[in-house]
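K.L.:
Sequence:
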Amino acid sequence: MRISGLLTDDAVLAEVGARLAATRLARNLTQQALATEAGVSKTTVERAETGLSVTLPNFLRILRALDLMDGLEQLLAPPLASPVDLVRREGRRRQRASGRRSQPSPDRRGSGGPRPARFNWGDESPQDEA
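For the sequence shown, position 64 (counting from the first letter as 1) is numbered 64 according to the working numbering, and the numbering increases by one without interruption.
It should be emphasised that the hints constitute simulated quantities derived from the structure, not laboratory data.
In this text, all values refer to a predicted model and were calculated from it rather than measured experimentally.
Idealized CB from N, CA, C, for every residue including glycine.
Possibly wrong hints are sitting among the right ones.
What follows is a list of derived Cβ distance ranges for each label pair [stated by the list, open to error]:
1) R88 with R27: 22 to 32 Å
2) A26 with V84: 39 to 49 Å
3) E15 with R96: 57 to 67 Å
4) E37 with A77: 23 to 33 Å
5) A22 with Q74: 52 to 62 Å
Whenever a hint applies, use it, and build me the whole structure from the sequences.
P.N.:
See below:
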């Protein structure tokens with residue numbers, strides 16, 4: 001039987017119990033051996049296999065003893081991030097390049113001292129021309 005949302009809770013429990021029993025028998029384990037390996041009572045294994053409710057910790061112990069814990073990863077996979085969350089995590093993308101700056105300009109150094117005179121064409125001294 002395929003487990004789906006259309007089944008009643010009792011039907012799902014009965015199917016899960018039948019699958020636990022089939023897995024136990026395929027591994028050639030008795031109910032007592034499985035109970036001992038899982039650290040639960042034989043009655044707990046019997047209840048799980050007949051589709052009666054057991055506590056979640058006991059159910060997990062049975063799954064672990066049958067080496068079925070990896071199935072929970074498929075059953076309850078981590079939720080996928082939404083596209084909006086991916087954009088938020090990525091941060092802001094650069095829109096344009098700022099160019100290279102070799103040194104900060106003298107008037108932007110914040111020294112608080114006097115500003116150097118600006119260069120004007122024709123102000124060169126004769127020594128600069130040589």
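K.L.:
Of the hints stated earlier, which fail here?
P.N.:
1, 5
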